[in-house]
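**Student:** Since chain A is already given, all that's left is putting chain B on it; use the hints.
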Amino acid sequence: MEPTTTRTDTRTRTRPGRIGGRSFLIIRGTGVLLAVLALGHFAVTHLVNDVAQTDATFIARRWSSALWVVWDGLLLVTALAHVGTASVAVVRDYWTDPAGQRRMLAALRGLLLVLLVIGAVTLLFAAG
Amino acid sequence: MIAQLVFLAGFTVVTAVIIAFTGMVAVGARRTDGGTHVGAVLRSRLARRSYDRGEGNRWAFYAHRVSGFAVFAFLALHILDVSAYAWSPGMYDDVHELYSTVPMRVFECGLLAALAFHALNGLRLVAIDVWDVGPVGAARLLDAVAGLTAVLTLGGAVVIMWPALGG
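Chains as they are written, first to last, in my numbering: chain A, 1 to 128; chain B, 1 to 167.
Looking at chain A on its own, in the form it has when it is part of the complex (with noise of 0.2 angstroms):
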């Protein structure tokens, strides 16, 4: 006899928050870096020099130096990995429905993308 389930719902659903091995270590792996990045990064912005001073001279200033450019580069593309894989599983926990998933999950990677392009071509555009 076949196991018995207490399931009573017919409808054709993923598995709420279930994610591939290869997403929870970008996860992981993502968010140790950004631990590092972004607490450092609000650290120099917002305790180290007051908040009033990081205006576009101290930008100037910031991104004239490789370290900086490479930190602040890193940072926005781990966080951008992090949300991507991350909210995978925070979109199956609230829509049910898999055509409800896919609508969600394509607009948030167009967002993602649009801030990669937008931040990238700053960063880019600042530095070089």
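Derived from the structure by calculation, the hints contain no laboratory data. Check each hint, because a few of them may be wrong.
[What the hints assert, rightly or not] For each label pair, taking beta carbons as the anchor points, the in silico distance ranges come out as:
| # | chain 1 | residue 1 | chain 2 | residue 2 | range |
| --- | --- | --- | --- | --- | --- |
| 1 | A | 43 | B | 137 | 39 to 49 angstroms |
| 2 | B | 166 | A | 70 | 29 to 39 angstroms |
| 3 | B | 8 | A | 113 | 20 to 30 angstroms |
| 4 | B | 4 | A | 111 | 16 to 26 angstroms |
| 5 | A | 22 | B | 101 | 36 to 46 angstroms |
| 6 | B | 161 | A | 96 | 38 to 48 angstroms |
| 7 | A | 107 | B | 6 | 13 to 23 angstroms |
[As the list claims (entries may be wrong)] Reference listing, derived: stretches of chain A covered by chain B, where coverage requires no fewer than 3 residues with Cβ under 8 angstroms from a Cβ of chain B:
| # | segment |
| --- | --- |
| 8 | 35-42 |
| 9 | 46-56 |
| 10 | 89-100 |
[As the list claims (entries may be wrong)] Computed, partial: chain A to chain B, Cβ under 7 angstroms:
| # | residue |
| --- | --- |
| 11 | 28 |
| 12 | 117 |
| 13 | 118 |
| 14 | 122 |
| 15 | 126 |
Ideal placement from N, C-alpha and C gives every residue a C-beta, glycine not left out.
**Tutor:** Leaving out everything else, chain B in the frame of chain A:
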């Protein structure tokens, strides 16, 4: 001036979206886990010592989700406001003036709290997996995360608010 209004409109959207997302997590929690509401049963559970509290992991999960979303919502706005620098440094300065106002400084303290909790709790999750610390270790680490988040946020808040309060 127009750039400032655009930023404030964007900031309003960010705040509204964070509140809406928090509501969505709370409703989802009520549906699947019995709710985020603080009842008598939960209060008595939370009053126990930390190694009796599996409950903490569930609340950390909600806080992790909401803080992660909040940081992303701000990040989206932040990428856009810094992109004004590439357009014209003057326009960036115009928008950036808002960052040192008192309400924005208060928001930045909240951002620090979200960043600190999400980063530390994320590292806790890595530690739970890598070192297989078990439920007791996980609960103790959560106490450490909560304590460190409070210390970082309060310490940071003093530094952030100091110039605005005439220090």
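**Student:** For each hint given before, does the structure comply? Return the numbers of the non-compliant ones in rising order.
**Tutor:** Numbers 1 and 12 - these are the hints that the structure violates, sorted from lowest upward.
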